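Chains as they are written, first to last, in the numbering used here: chain H, 1 to 477; chain V, 1 to 559.
Calculated directly from the structure, the hints in this document are not laboratory data. Treat the hints with care, as some may be off.
[Said to hold, decoys possible] Partial selection, computed: residues in chain H whose CB lies under 8 Å from chain V:
| no. | residue |
| --- | --- |
| 1 | V195 |
| 2 | S197 |
| 3 | P198 |
| 4 | Y199 |
| 5 | K201 |
| 6 | K202 |
| 7 | P219 |
| 8 | L220 |
| 9 | S333 |
Please read all numbers here as calculations on a predicted model, not as lab measurements. All residues carry an ideal CB built from backbone N, CA and C; glycine is no exception.
Each chain is listed here by its residues.
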Amino acid sequence: MAHLLQTSFLPSSPCLRANPDRSSSSTSSPMVQISRRRSKTGGVVQAKIREIFMPALSSTMTEGKIVSWVKSEGEKLAKGESVVVVESDKADMDVETFYDGYLAAIMVEEGGVAAVGSAIALLAETEDEIEAARSKAAGSSSSASSSPAAASTAADPIPAEITAPPAASAPIAVTPVAKLASAVHPASDGGKRVVASPYAKKLAKELKVDLAAIAGSGPLGRIVAKDVEAAAAAPAPLAATTAAPPPAASPNVELGTVVPFTTMQGAVSRNMLESLSVPTFRVGYTITTDALDALYKKIKSKGVTMTALLAKATALALAKHPVVNSSCRDGNSFTYNSSINIAVAVAIDGGLITPVLQDADKSDIYSMSRKWKELVDKARAKQLQPHEYNTGTFTLSNLGMFGVDRFDAILPPGTGAIMAVGASQPTAVGTKDGRIGIKNQMQVNVTADHRVIYGADLAAFLQTLSKIIEDPKDLTF
Amino acid sequence: MQASLSLSVSNPAAIPRSSHGFESSIPFPSKPVNLRFCGLRREALGFSSASTYPLSTSRSSRSVARSNKVSASLGSANGSSSAPKSFDYDLIIIGAGVGGHGAALHAVEKGLKTAIVEGDVVGGTCVNRGCVPSKALLAVSGRMRELQNEHHLKALGLQVSAAGYDRQGVADHANNLAMKIRGNLTNSMKALGVDILTGFGAVLGPQKVKVGKDTVVTAKDIIIATGSVPFVPKGIEVDGKTVITSDHALKLEFVPDWIAIVGSGYIGLEFSDVYTALGSEVTFVEALDQLMPGFDPEIGKLAQRVLINPRKIDYHTGVFATKITPAKDGKPVTIELIDAKTKEPKETLEVDAALIATGRAPFTNGLGLENINVATQRGFIPVDERMRVIDSNGDLVPHLFCIGDANGKMMLAHAASAQGISVVEQLTGRDHVLNHLSIPAACFTHPEISMVGLTEPQAREKAELEGFEVAVAKTSFKANTKALAENEGEGLAKLIYRPDNGEILGVHIFGLHAADLIHEASNAIALGTRIQDLKLAVHAHPTLSEVLDELFKSAKVSL
Numbered sequence: 001m002a003h004l005l006q007t008s009f010l011p012s013s014p015c016l017r018a019n020p021d022r023s024s025s026s027t028s029s030p031m032v033q034i035s036r037r038r039s040k041t042g043g044v045v046q047a048k049i050r051e052i053f054m055p056a057l058s059s060t061m062t063e064g065k066i067v068s069w070v071k072s073e074g075e076k077l078a079k080g081e082s083v084v085v086v087e088s089d090k091a092d093m094d095v096e097t098f099y100d101g102y103l104a105a106i107m108v109e110e111g112g113v114a115a116v117g118s119a120i121a122l123l124a125e126t127e128d129e130i131e132a133a134r135s136k137a138a139g140s141s142s143s144a145s146s147s148p149a150a151a152s153t154a155a156d157p158i159p160a161e162i163t164a165p166p167a168a169s170a171p172i173a174v175t176p177v178a179k180l181a182s183a184v185h186p187a188s189d190g191g192k193r194v195v196a197s198p199y200a201k202k203l204a205k206e207l208k209v210d211l212a213a214i215a216g217s218g219p220l221g222r223i224v225a226k227d228v229e230a231a232a233a234a235p236a237p238l239a240a241t242t243a244a245p246p247p248a249a250s251p252n253v254e255l256g257t258v259v260p261f262t263t264m265q266g267a268v269s270r271n272m273l274e275s276l277s278v279p280t281f282r283v284g285y286t287i288t289t290d291a292l293d294a295l296y297k298k299i300k301s302k303g304v305t306m307t308a309l310l311a312k313a314t315a316l317a318l319a320k321h322p323v324v325n326s327s328c329r330d331g332n333s334f335t336y337n338s339s340i341n342i343a344v345a346v347a348i349d350g351g352l353i354t355p356v357l358q359d360a361d362k363s364d365i366y367s368m369s370r371k372w373k374e375l376v377d378k379a380r381a382k383q384l385q386p387h388e389y390n391t392g393t394f395t396l397s398n399l400g401m402f403g404v405d406r407f408d409a410i411l412p413p414g415t416g417a418i419m420a421v422g423a424s425q426p427t428a429v430g431t432k433d434g435r436i437g438i439k440n441q442m443q444v445n446v447t448a449d450h451r452v453i454y455g456a457d458l459a460a461f462l463q464t465l466s467k468i469i470e471d472p473k474d475l476t477f
Numbered sequence: 001m002q003a004s005l006s007l008s009v010s011n012p013a014a015i016p017r018s019s020h021g022f023e024s025s026i027p028f029p030s031k032p033v034n035l036r037f038c039g040l041r042r043e044a045l046g047f048s049s050a051s052t053y054p055l056s057t058s059r060s061s062r063s064v065a066r067s068n069k070v071s072a073s074l075g076s077a078n079g080s081s082s083a084p085k086s087f088d089y090d091l092i093i094i095g096a097g098v099g100g101h102g103a104a105l106h107a108v109e110k111g112l113k114t115a116i117v118e119g120d121v122v123g124g125t126c127v128n129r130g131c132v133p134s135k136a137l138l139a140v141s142g143r144m145r146e147l148q149n150e151h152h153l154k155a156l157g158l159q160v161s162a163a164g165y166d167r168q169g170v171a172d173h174a175n176n177l178a179m180k181i182r183g184n185l186t187n188s189m190k191a192l193g194v195d196i197l198t199g200f201g202a203v204l205g206p207q208k209v210k211v212g213k214d215t216v217v218t219a220k221d222i223i224i225a226t227g228s229v230p231f232v233p234k235g236i237e238v239d240g241k242t243v244i245t246s247d248h249a250l251k252l253e254f255v256p257d258w259i260a261i262v263g264s265g266y267i268g269l270e271f272s273d274v275y276t277a278l279g280s281e282v283t284f285v286e287a288l289d290q291l292m293p294g295f296d297p298e299i300g301k302l303a304q305r306v307l308i309n310p311r312k313i314d315y316h317t318g319v320f321a322t323k324i325t326p327a328k329d330g331k332p333v334t335i336e337l338i339d340a341k342t343k344e345p346k347e348t349l350e351v352d353a354a355l356i357a358t359g360r361a362p363f364t365n366g367l368g369l370e371n372i373n374v375a376t377q378r379g380f381i382p383v384d385e386r387m388r389v390i391d392s393n394g395d396l397v398p399h400l401f402c403i404g405d406a407n408g409k410m411m412l413a414h415a416a417s418a419q420g421i422s423v424v425e426q427l428t429g430r431d432h433v434l435n436h437l438s439i440p441a442a443c444f445t446h447p448e449i450s451m452v453g454l455t456e457p458q459a460r461e462k463a464e465l466e467g468f469e470v471a472v473a474k475t476s477f478k479a480n481t482k483a484l485a486e487n488e489g490e491g492l493a494k495l496i497y498r499p500d501n502g503e504i505l506g507v508h509i510f511g512l513h514a515a516d517l518i519h520e521a522s523n524a525i526a527l528g529t530r531i532q533d534l535k536l537a538v539h540a541h542p543t544l545s546e547v548l549d550e551l552f553k554s555a556k557v558s559l
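Model the full structure from these sequences, guided by the hints.
In structure tokens, the structure reads:
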């Protein structure tokens, strides 16, 4: 007994409004359509709960962005009232309701994007049905919804477009841990009042950070934007409990089935295709890691990881070869990136993501190791914030743990180079004095954008890197 | 007052110069529109209209006095309340702001012997502490915005490395501009033979003005044009450093990290544009329930989405700031807020600075109004639609007029000037009533906002009352080639009109160069041009003016 659910909303036509900042691509005539959709629901009679669909506001519109919800959940709606403002390719339009009722559940938050015809909210006819509608909304966690962060630009590294976790379900709990640091300043009225600058408040809302738990570093202890950014990047204490599944998914897949891409796979696919437009080349190098291994053994107990050591070494080498840390986005110019942010590819359940160690040349190895652990935990819990995975300027990909001795990597669009790191293994090496010895060696292979980075650049960079790794005292400064 | 319409407006829309039917009977809006801006007429205007208007005989007492008929009788009439028989001047204007300047120039043009009294500096608020220096700051903020908008620059294919600014350099630019315009204004009056009398002016009696301590001058007619000062509500302590008014802010002595702006009208909005472009974060405190209460609601909503939401601005609406204490002894500026309706204490803000932009109060103290039995209303001098001053008995005071912010009809510099010109027209034998609905207003944010006539709710109210139909047409800047070439496609133009006869009731524009675009609409209102005629007018392509072209063309007039 499937029910025919019609959309209860249509845009109020004369309400043309221009977009805020982000303008959209194509133009079209502002044809206003009423979107209709058949929708099957479970057997229970839910006829009184109507879905609100993303309307097609123009003939070319395929998806729309929610600019703002005029009404909030639980509010009563009267026929003809505007409920939501939707941004199309031409303008922002108020969308009004066809029916009386209650806005039971918002399925796509402000800033979110939904495909035309997909449900963005539920409308309950009576107050009693609000609950039922909410559970329904929770059940069918909107496939179309994606947080604003997810719609990042193509210029980001590979996993940039990976859907961030549905915004509503993943608030980052920055709980009392951080509070220890908070100096009670005069403005806070003994902690009862939070004094945060307007931009800090905006960011906190965007990054879902609880201002009450942040220590302010601004004048008089006020919370400023960078405090919020720092808090958003700080460890999520509950991440440890969501013990990450092993990256290698057990092969219990049904053979012979066709599986549509997940959002993440779709994003990866698009990025991979885009990478084909960049002329890349590869340069390999063999680096002796005896000294590095020794150092690692020594400081492993302090929580230092091999990934952090490699990232640090790479960052120090990049500091001496800024061109390898540059990026070319438009084919006409390139940018010497001001900070060295090392992205490290991590396989996670159902995909790949590249958490970023920011300013890797400047942070010390111990805090970097801690940071890395935290990033991996967050990645597995799907709680990474966009700036934690799309700000990389150079990427590391390490398959050494599988015994892979060499491979090459695809350059993530928007960056200049990526380095594939193989396993370090005992190798018989001839030395200059004519003897043969055993040394641990690993092979690295850098893929770079030849529009900006030339062979000599990479060669010089790799030479520097090998010197740093072979004499790693600088890594622990 | 912060906004100046383009300096090249050579002839405010109010002066009918041709045979177009000018409806002098259009009533004023029942509620005075308290808009605050200013405009400045270019000095040394050539009024092309020759003074060949037939002199009206309805004012029999008013002989057309020429300067050569004025006899000197200075000092002979001390204290006596009887009107002097002969006069030092035909016209004395108290206050050399933009209103007084406009009146003086037109008076000379009409052959009146004219003096202008100024107790402070020539130019008044607009030139010295208002629209002129604020335009200098906004010019800087507009460029900073462009240079900081990487997304935008990239879309244009431009590469700019980090933009920065030198605060003193910016402040100097504003100050230099004010000085230059002030000089131009002074010179233009001197060149035309207007006597500039220095000292505070006060009305001593009918047709008699005291200048400074003891100089008495007589004139056949007197115009009061003393303007306004920033209004500071009770409980707010202005120290000029951390708690400031627009007067101080325009000097840009410091750029605070966080500034609260009390009042989200034009002044507040323009300063929020300046401060955020220079790196400050801004908190608005607005007593009404929504920001930008003076605007057409639709324009306000859009403006909020473009000018407020994406910027480093937050706001408290529906609250009064009851107490504001300047920063001292290492403590920040504190602002106590109460709910505007319940009067319950709501919150205390602590910020680096507070700008009080709650409007402007008329500057009418010490004008000697008691000598002529005139009582001000909340400081404003009551006038009729011809700017003639009304005394406490409700009678007109002969030979006394009041223009500009001091009468509160429309607190805009160019409105003051238009009123002054209207008065001079009357004095020289041509009855004239200024149509305030044809006076445009603009807010010079990025992008700009401009308007003329009624807002949609006002128009609908009027239509209800008078029983006519109202229709609305809109066009978007997104469809305009020039706007897209500039990559500034966000914007909306809105036309409110009568579909039965094609009369324009109001036009509101938000978008690139909106302040310059409005004049096509304001001139049409002033001249009574109907939409059906405007539809046939040709606009150059590709220009932003085509936004209005399209707007008029999209209106549906049933004729």
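What are the numbers of the hints the structure violates, in ascending order? Failing hints: none at all.
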